[in-house]
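**Q** So the protein lines, in turn, are chains P and H. For the first sequence, position 536 matches number 536 in the UniProt record's numbering, and the numbering has no gaps at all. For the second sequence, position 385 matches number 385 in the UniProt record's numbering, and the numbering has no gaps at all.
Note that these hints are calculated values from the structure, not bench results. Hints may be right or wrong, so weigh each one.
A pair holds if it fits inside one copy or across any two, identical chains being indistinguishable in the list.
To be verified - Straight-line C-alpha distance at most 20 Å; calculated PhoX-like pairs for lysine-lysine:
| no. | residue 1 | residue 2 |
| --- | --- | --- |
| 1 | Lys418 | Lys275 |
| 2 | Lys553 | Lys350 |
| 3 | Lys554 | Lys350 |
There are 2 protein chains.
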Amino acid sequence: MAPGVSHMCPASRASIFPRRHTRALWPCLPTVFRSWAIKEMIIFVQCPGEVVEAPGSWRGPAEGLRLLKVGGKHLGDLSFPELRGISNLFSAYCRRAFVPWDVLMIRGTHQVWQYKSRTLKEFISFCICKIGGCHRSFIGGRSVLTAAGCQITVNTYFYSTRFSSGTSASLCQGVMEGLLTRCRALPALATCSHQLSQYAPQRFHHCAPGRGKRLMLSRMFQPQKLREDQVLSLEGRSGDLTCKSQRLMLQMGLIHPASPGCYHLLPYTVRAMEKLVRVIDQEMQTIGGQKVNMPSLSPAELWRATKRWDSMGRELLRLRDRHGKDYCLGPTHEEAITALVASQKTLSYKQLPFLLYQVTRKFRDEPRPRFGLLRGREFYMKDMYTFDSSPEAAQLTYSLVCDAYSSLFNRLGLRCIKVQADVGSIGGMVSHEFQLPVDVGEDRLVVCPSCHFSANMETLDSSRTNCPACQGPLTETKGIEVGHTFYLGTKYSSIFNAQFINVHGKPSLAEMGCYGLGVTRILAAAIEVLSTEDCVRWPGLLAPYQVCLIPPKKGSKEEAAAELAGDLYNHITEAVPQLQGEVLLDDRTHLTIGNRLKDANKLGYPFVIIAAKRALDDPAHFEVWCQNTGEVVFLTREGVLELLSQVQVV
Amino acid sequence: MAPGVSHMCPASRASIFPRRHTRALWPCLPTVFRSWAIKEMIIFVQCPGEVVEAPGSWRGPAEGLRLLKVGGKHLGDLSFPELRGISNLFSAYCRRAFVPWDVLMIRGTHQVWQYKSRTLKEFISFCICKIGGCHRSFIGGRSVLTAAGCQITVNTYFYSTRFSSGTSASLCQGVMEGLLTRCRALPALATCSHQLSQYAPQRFHHCAPGRGKRLMLSRMFQPQKLREDQVLSLEGRSGDLTCKSQRLMLQMGLIHPASPGCYHLLPYTVRAMEKLVRVIDQEMQTIGGQKVNMPSLSPAELWRATKRWDSMGRELLRLRDRHGKDYCLGPTHEEAITALVASQKTLSYKQLPFLLYQVTRKFRDEPRPRFGLLRGREFYMKDMYTFDSSPEAAQLTYSLVCDAYSSLFNRLGLRCIKVQADVGSIGGMVSHEFQLPVDVGEDRLVVCPSCHFSANMETLDSSRTNCPACQGPLTETKGIEVGHTFYLGTKYSSIFNAQFINVHGKPSLAEMGCYGLGVTRILAAAIEVLSTEDCVRWPGLLAPYQVCLIPPKKGSKEEAAAELAGDLYNHITEAVPQLQGEVLLDDRTHLTIGNRLKDANKLGYPFVIIAAKRALDDPAHFEVWCQNTGEVVFLTREGVLELLSQVQVV
Ligand SMILES: [Zn+2]
Ligand SMILES: [Zn+2]
C-alpha cells in the first residue's frame, strides 16, 4: 500500500467502505488524486430502474442525487427532504456556496465509460481511477458501467477540503459525517453483483447482455426489406409510377404509408430529420431568427380577413369544433403571425427586424399526393416571417435569408439553383424558389448559361425562348422546389394592422417577408439526388448513423475477430465523442459479412467497418468502406480512429 | 523574425500572402505550431451573405469550402467543380486519403471566437495564433470574427507534410501549388476592412454594431408585460379564474392565445420546450426507446376498428378530405402504431421489446379548455408504445418506463407522485398516473402516510376513507397529471393482429403498453409549482436562458462598467462552452439597473449578473443573483466563471 494513504480515510470517521474494501481501493488512486487531500468520499450507486423518487422539490443541476438502492435494498435511509435540508444548511452557512450542489462538489462528466468488469468493487475502483485521472475540475462524476451483463450508474461525490476552516467547515464536517454514518450498508455492494446480474437478461433484453449501451442493429424497428411489388401494394397502387426516393424509403423501412400523402417517419428518418432541423436552426439563428411555435388549428376568421378562406379552395383541410366554430389546418401561417405581431401595440422601429420562424407540421389537401415525402398532405416545413421598418431594410433581410438558404444547401452538399418565381397564393412583389435540379422534379426551370439568369418557366411568357437579360438562348431543366422566399411588402400587415412606431414617433406598417423550407421534402429530395437505383445515400451531415460495424459471422474462420470488433466499438465511442450514439453494431452474426455489407450499402451509412480476415493480422486491420466516396481501405485501429475523428456530426 | 521560419514559407512557392504580409504573420506562430513543418497555408475568408454557391454536388463534412469573395470581389477564380476535381484526384492518388477533406486537412472547431480588431490582417494573425495555440488535432479551423462592427468567417486549411514522400506527395504538391497560384489576390484583403464595415450597420441591424453575436434583450420578440385585466381581455374572458402559470406565461410574453385552448409558444417557451424534449429523449433512449413520428391525420377506419370512433365522442376533432374520406386529428396513437407494427409480418421474439415513441402535437376538443397550457385543445405530448413477447416481459418494460419517468422528474427537481389510476378510454389492465401535487390540480388524490399507497380518488369506492393496503387513514391532495402509463395486454394487438413469431415458431400476439407525458403541460405545471405570484421560476435545466447580464444605465455614475460587462459576456461564452447561446445581455441601458433587475427577476433567469458600482473596484466585483436559491453574492470575474462552470445545460 502506498504511504500517506491513511490520512485520507481515517479510521476515526465512519467510512462507507468497510476497511478491507478501503484497503483495496485507495491504492488505485493516482498521485494527482491523492494530492487533493480529499477527506472523505461518498459513492452512491444506482441501478437502472431503481431510482429513488425525490419527494421534495429539490432543485439544482439536473443529474439528481440518488441514494444507493441495489437489488431492492436501500443502502442508506436518508430521505430526500433530509438531504435537501443538509444542502440548504450548507448553503446558508457557507457563504460562497451558491447552489446546494456547490457544497457537495458535484459535477457531471456526461461521458459514458463502458467497461467490462466482474464485480462492483472493480467498478468502483475503476471509477475512482478514471476520475482521479481526470482534470481536477472533475472531482465528482457519474459514470455508467457494465458488469456481468448489467449496467449500473455510479455517482461519486467528493467532499473536498474547501470548507476546512471556520465554523461552516466544522458544520459541514459534522453533517457529512452524519451522512456517512447513515450510508453504512456497503457490504451489500460487495456481494450484489450476483443480484445485479440476475436482472440483466430481462431488463436489458433490448441490449445484448454484457454489451452495455451498444446500439444493436437487430433491435432496430425497421420493417423488412420490401420488393417493388410489395411497395406498390403498400401504397394501394397497381403499377403506378413512384419515384426513386419514395421506393427506396419504403423498401428500406425509412417511411411507412399511413394514408394517402401521410407517412409514418420511422426511426432512421426521424434521426435524419432532427439533424436537418439542427442545421436549419443554426442557419436561421445565425441571421437573428427566433423560433416560435404556432398551432395547427387556425381560426377561419383569420383566413376570411385575407380572403384566403375562399381563394385557397379545396387545398385547405377544414373542420368544425364542438361549438360549431370553423378552423382550417394551417398550410402556412402569414395570417397567424401577422395577427400575433399586430397584437404588440408598442413595437418600436428599434426592435426591428424580427425574424420569426417555426418548424412544424403543415397540411395541404393535395388533389394527387404522390412521390412519397416529396408531395404529401401532411409534412414538416420551416416557415419564417420577417418584419422590417422599411422596404430597404426588408430587402436586406430578404437577401440575408436567401444567403442563409444557400449556406444551408452548401453545407448539405446539395447543388441548389435560386430562380425567379411566381408569387402564387401567398402574394407579394418578389419571389424566388430554391430548386434542386433532378429529372423527377415537377417544376420546369430555365437557366441562361451566359448571364446566370434563371427562372421558373411559369414566370415567363410561354412563347419566349431567349434570355430576358442577355437575349441569349435558354437551357431547360427540371427541379424539386425545396425552398421559397417572398417579399410581401405590406400585403398582410395592412390587413391586420401590424404596426410599429417609426423614427418620427408615428405608427407605420411593417414590411414583411416570408420564407419556406420543405423539411421532409429536403430529406426525400436529397435521397432522390444522391442515391443510386438500389442504394440510399444521405448528405454526410444528415446520415442517421455515421458508422456501421460488422463483426464476422458466427462459426466462420474469422470468428475470433468478433471481440476486436467489440473493442473497436468501444474505442470509437471513447476516442471520438461526437460519434456517441452514431455507431451501430450489426450483431446479426447468423448472416454472412457479405449479406450484411449489402444491407449496409443499401442503407447508406457513410462508414462501414468490417472485422474479417485481416483483423486477425498483427496489428489488426479493419476493412473500411467510405460509402460517400466509394473507397475501400484497410486500416489499423489508430487509422480508423483518425479517419472517424474527422467526421462532422450536427 | 524568429529563425527557421523561412522554410515554412519558401519564396519559391507562390504564396497567397505577398511577402510583406507573410513577414508580419509568421512570427506570430507559436513554437509548437512551427514544429509541425507546415509547408503552406491557405486561408479562405468569407463574408456572411456572400456565400459562393456550390454548383456541383460536392459532398463531405458539412462546413463546406468557400472561396474567398470579399466586397463583391472574388479572391480566387477556382470553381467548385475544379476544387472537387482536385480533391477527387487527391483521393485517388493518395491511397490513405479517404475523403476529399482528408487531403485538405480540414477540421471545424465549432468554437466562435469573438474578437474586436480593426483590419483583416489582424484577424488572420489572430486566427493563426488561436489555431497555433490549439491542440495539434486542430490544424484547420473556421472562426467567426468581428471587425469594424462586421462579422466575417475565416476558414483556414493547412497543407501538412503528411504527403511529403512518394509520387502521391509530389502530385499533391503540384496541385496545391496550382491552387495557391490561383489564390493570388490577397492584397485585396489588406484594404477591404473598409468595404466590410460598410455592410455592418445594415446587414447586422439585429445585432448592435461591434458586438458580434451577442444575444441582445432589446431584440427579443416578446409581447409587452401585461396587466391582469389585459390578460383577461386577451383570453376573451371577463373575470374568469385563470391559474398562476397561465397568468404569468401570458404576462411575461411566454405564450399568446391563438384560439380557445390553442396557444402560440413564443421564443422563451420554445427554448424551454426543446430542452425538455432533449431530457425526455435522453431518458427514453436510455431504456431503449426508438423515436418515430406519426401523422396527425388519422383515418377513421382505424378508430372504427377499435370502436373508439364512436366512444371518444366529441373529444375527437373530425374532418373530411376532398375525396370525402373521414379522419380525426390524433389525440393518441394506439391504433396507428399497432397497425404499423402489425404490418411487419416477420417479427421475431428476438427483436422484442420495441419501445417506440414520438413527441408530437395532439388534439382533443376539450369542452372547456382552461388553465393555459395545462388543459388545451392542441398540445405537445410524448407518447410511447411498447411491444413485448410475454406478459412478464411487458411488466418489466412497464416498470422500466415508470422508473424513467421518475428519473425525469427527479432531474427536473419536481416532486412527483405515482398513483394508481383508472384506465379510462385507453383501456388495459394496469394504469398509473404521475401527478405533481399542487392546489390548482384538477385531480383528487389520496396518499397513505403509513404505507406509501397512493391513488387517484376516482379509482376508489367513494365511501372509502381508509387505506386499502394497511387500513390506516388516507390524506387527500390535489395534483396535475403530467404522465400516464397503461399496461394494455393484447387489447389493441388482438384487433389489428400485431403478431410476432414466438420461441416455438408460432405466431403470438404482442403484449402492449402505452405511456404518455404531457410536454407542454409539464412546462406549465413546473411554472405553477415553482413560481411565486409575480415571478416565473423554471426547473434549472429548462430555463430558456441561464444568464442575464445587466450593464449600468447610460449616463449613470457607473457607466464606465459597461465595457466590463461586455468583456464578462465574452469571457463567459469563451470559458464556459456549454453556456454559448445561454447568456442574454440586457442592453436596454436607457432603463435603470433596478428596473431591469425587476424584469429579470420576473422572467426567472437562474443567474442575473449586474455590473454596477463594485465593478469599478480593483479587481472588479459583479453582483450575482442566484434566483433559484435566492442568494446574492459579489464575485470577481474568476468567481463568476467558476460559479457558471457548474451550471448544467441540456
Ligand atoms: Zn442571359
Ligand atoms: Zn396504507
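**Q** Against each hint, give a clear statement of whether it holds in the structure.
**A** Each hint tested on the structure:
1. Lys418 - Lys275: Neither: 24 Å inside a copy, 35 Å across copies.
2. Lys553 - Lys350: Between copies, since 18 Å is at most 20 Å while 67 Å is not.
3. Lys554 - Lys350: Between copies only: 17 Å across chains, 68 Å inside a chain, cut-off 20 Å.
Of the numbered hints stated above, the single one contradicted by the structure is hint 1.
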